[in-house]
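Engineer: One-letter residues, chain by chain:
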Amino acid sequence: MADSDQVILTMTGISRAFPGVQALQDVDFNLRRGEIHALMGENGAGKSTLIKVLTGVEHPDSGVITLDGKVVQVKSPQHAQELGISTVYQEINLCPNLTVAENIMIGREPHRAGRIDWKAMNRQAREILLRLDVDIDVTQTLGSYSVAIQQMAAIVRALDITSAKILILDEPTSSLDAYETDQLFQVMRKLKSQGTAIIFITHFIDQVYEISDRITVLRNGKLVGVYDTDALPQLELISNMLGRIVVDLDDVSRHKAARAHDASADPLMQARGLGSTGAIDPFDLDLYAGEVMGFAGLLGSGRTEIANLLFGVDKPDQGTLTLGGQPVRKFSPLASIERGVALSPEDRKAAGIVDDLSVRENIVLAIQASRGWFRYLSSAKQSEIADKYIKLLNIVTPSAEQPVKNLSGGNQQKVILARWLATNPQVLILDEPTRGIDVGAKAEIQKLVVALADEGKACIFISSELEEVLRCSNKVVVLRDQEKISELSGDEMNEDVIMRTIAGS
Amino acid sequence: MTRTFKIDRKFVPMLATIGLFAAGYLLGAIQYPGMRSPQTFFNLFIDNAFLLIASTGLTLVIISGGIDLSVGAVIALTSVAAAHLMEKVGLSSLLVIPLMLLMGAAFGGLMGGIIHYFKVQPFIVTLAGMFFARGMSFFISLDAITITDPFYRTLSLARIHLIGKSFVSVHVIVALVVLAVAMYLAHLTRFGRTIYAMGGNEQSARLMGLNVGRTKVQVYMLSGFCSALAGLVFSNNLLSGHGLYANGLEMEAIAAVIIGGTLLTGGVGYVFGTLFGVLVNGLIQVLIIFNGELSSWWTRIVIGLLTLVFIVVQSAFSSWKKRQTGIRPARKKAASAADTSPG
Amino acid sequence: MAQSNSLWNRFKANQVFWPLVALGLIMLFNALFTPNFFRLEIKEGHLFGSLIDILNRGAPLMILAVGMTMVIATEGVDLSVGAVAAISAAVATVLINPALGQQLIASDKLVENVTATPLPVVILAALFVATLCGVWNGMLVSRGNIQPMVATLVLMVAGRGIAQLITGGQIITVYYTPYFVIGNGYLAGVPFALFIVAGVSLAAWLLTRKTAIGMFVESVGINVRSSFYSGVNEKNIKLLVYTFCGFCAGIAGLIVSSNVKSADANNAGLGFELDAILAVVIGGTLMTGGRFSLLASIIGALVIQSMTTTMYAIGVPAMAAQAVKAVVVMAVILLYSEQFRSVVGRVFGRRKEVRS
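From first to last, the protein sequence lines stand for chains R, V and P.
Under the working numbering, the first sequence has 329 at position 329, and the numbering climbs by one with no breaks.
Under the working numbering, the second sequence has 203 at position 203, and the numbering climbs by one with no breaks.
Under the working numbering, the third sequence has 345 at position 345, and the numbering climbs by one with no breaks.
Just so you know, these hints were derived from the structure itself, not from any lab.
Just so you know, nobody snuck in bad clues.
Below, simulated DSSO-like cross-link-like pairs (lysine-lysine); rule was C-alpha separation at most 27 Å, straight line:
#1 K165/R - K190/R
#2 K10/V - K119/R
#3 K330/R - K235/P
#4 K261/P - K43/P
#5 K12/P - K119/V
#6 K119/V - K349/R
#7 K388/R - K210/P
#8 K235/P - K405/R
#9 K75/R - K119/V
#10 K165/R - K70/R
#11 K381/R - K210/P
#12 K405/R - K391/R
#13 K315/R - K235/P
#14 K12/P - K405/R
#15 K349/R - K315/R
#16 K447/R - K388/R
#17 K52/R - K222/R
#18 K315/R - K330/R
#19 K381/R - K405/R
#20 K119/V - K405/R
#21 K405/R - K210/P
#22 K75/R - K52/R
#23 K349/R - K235/P
#24 K349/R - K391/R
#25 K12/P - K210/P
#26 K52/R - K405/R
#27 K52/R - K190/R
Bound-form chain R, shown alone (with noise of 0.2 Å):
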């Protein structure tokens, strides 16, 4: 049913790597006109690297683009505009201090005897939005808009500064609400009935389900498939992206079957009714001592935003929180690395390592963060505490001494694991930390996390690869859009249940 002159854009052969990773490994894609193409894949799949390399932001190692029929290299971002490919991503990248009109046609404002016409400018900056049933003062600032206004602007430029014939939107709806997705998606479908091809990444399973026709999927930077989405139950979508990663781990299974908590023990760290507006619905959770317990859903299903209420990073606006019997009272970090909790946080370079300091300081920051400014750890005991957890996590670094920045991925996750481990926290909550880490440091963090429940320590493991999870964890919480819908342990725990959960079926 692929009509050839449908086709606008193919890619063939793609591959990429980067220092250490594979980012894409021989991946094909195929655009057609007049389509709303989803693009999915958890973190590190490779669908950003795929967008850069057709936006020109990256040069493929191999593989062939064809556009309109004809090979083309894309060399810049310029260049893949120029070609009609336009881009609009999750951040604006308009001008919040300028008018609707001026974002829009600022570059090739109406002149008129050497000066800016304005009111030629409004005027055509409303009817090209009015084009797309967009109804709004364009003499406002655009920071006076809601986020999908903002959002309608940059498509309206992208598009027509360049009359593009394919664009791409970058988790467009992530910060939107219902009804202003449901504005976005009017502007999509009118855009597609006018023929523009449009590639959508988003992580909300529904929306693909919603607007898109097709969906490629990617995973570990490989092809997953092509679906037509009408044709591609929910569940097996989920169990595309998800997937299964093959390690020898028998050991953290072995130590898992031994390890129950006891039942009669109250929970060492209790919610209820414990939620954020707007970032997550109130949630009950009991976590037991010596038990893992592992969140699974997909990325901005919520899991995240409840690792940062625990850790006090966020405030939660109601419900309550007790720790050992204590009510909680105090949220940040502080407060709680004093309780005992600790977070290693989803982003390793914005939130965990501190990046010109050295290995040694990086392993005793929060535990002196704790102790305070005075009583200060001496540098000799820095570097024991440094040397001791470089041994037992085994991190791979010429000396303590080492700026962190020079390190690879899996050992920083390492240094903030030992900068957690050295505060003897009594709950660990660990978000995604064995993201883009190689599969040897993957498997002694799993190992690593096992062994400290069996020490009587509660943890919380948060990744995207659900394998990961149902080996580490005795208990499973199952989390969608933002909400905790369901806790699943013994046998339930399995990938089939879970995905069903997530899909919702």
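Since chain R is already given, all that's left is putting chains V and P on it; use the hints.
Structural biologist: Chains V and P only, in chain R's frame:
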């Protein structure tokens, strides 16, 4: 499109300053009969013409997201260099004036170039520029030079009569022309809109295909030009040049720009507002003089406090606005909640 | 051999290396062109000579550089140090001589060792007010979330007005010899101010390297978010560095006013903020925050001071010397700028290509 008469929120800071100035002047006029004379009002313009010129150039720099600390020093350098060329070298003022303006623009352009091409923070570069310009003026002359050029003198003493006996100097006309040109540039040319776009989000402005680099160099060039012109007005007023002139003026100019409603972080503000920032500055001095009991240093304290108020209010306002419309945490889609019931 | 080699490499990698090279070059220049530059004499039991002069005159700047280093390390800047120094000088001199100047000058008999307030109280009061100014800046930056440059600009503008308010707009002259010791006195043949520098530097060193503060300052300057996630209270760290910077500016103000035996609200500490920032920049601490070295900043201050002194020595007028300083400083900043290096590298690279 229905047009209702309402004050646009973006004009609020500027209108507040205009209101402040009007109210201050009115109260002064009620209190002190001397302030009711039209000449007192015009003197505000005469005395602050050079400050207005310098602040106008600075406004554009600040809107673009930068800063120019060399303003006062360039004024001093221009005054000395002009005096030296006229008195010691013997050049005609008709030649010296364009030469000085060229020098100012070139100096500004050089700083803009370093800022843009070598990615050094504007305040560091213009700080060095400030040192350099002040130092150079003392290389030229350690002492004040009196200017005797006939044309320069005529210009200095020229009076333009307005209502009755009251008058303004040529400097006022020059300053108002500069203001008008700057307003035209800011609002009716792509150059001006690029300045705003850069101040709002430089990265975005670049991605929107605007020529950020060239505009950045040009805006510092313009500021250098304005400072040199302000220096000419300053020296024309005093008929002399000296390296110590306009000491700390950059701070007064920055305060005037902020009080005029321009956001020091860039992207928001109006050149027209700066006029009133300068006038408020002048008014405070006038009020203190008429009061007779308060000492002159209260000017600085009041200006500092006013600056603080404007900064704090605007910073609070922008963070409030960010909460209203900025990046919100991801919201779930209501429709999907119906699919599953919580487990 | 190999060991000395690695020692040399470690020294080269140290932050003090390039500032020392700069200082060395200036000294070399002096050795060649300034007669008697290195001559040290002992007159009346005191050390005299150009080198001592540089150290003595550089004392306020070195102290300011110490305070400014910590502020810049948190990715901030304090533009108000000059104004704060003026306030501190004003407080001290008014407390010593509350008659506001002119009467005392008029009558000869009052030119004697008098103070209206005991000296320790004078010093404590001046430093207290200066520290308070630092707290004010710190609160605006850490609690008010105002950009450092903007927040400290306020005090820079208003501060001199406040200083004038304190002195009643007069240049206050003091005639109290013990007060002169701070900026003019000698202890064991060495200028007293150097002992103050040593004291402040030692205190700052202990504060940053013998407590966790130094590590927290660097960590906040490198990555605020990671620091927050690790439990570092970044707000208090910022408050502390601005407070300390205010304190340092207060000491600098005392030294300057003691040195000239008066306080001039308009001119005391003029240009301090610029010199202090430049000293830190020459010292290799990045304006974008992070790793800092107090010693490198102190050497940076000496580089600036010796440049100034050298130019006086070869007959460049004091005010004109600023221009030369500006050029040198710009050159140093450009050398540190990666952009500049890459542009120069490209130019040279191209040239090589053409040749080969």
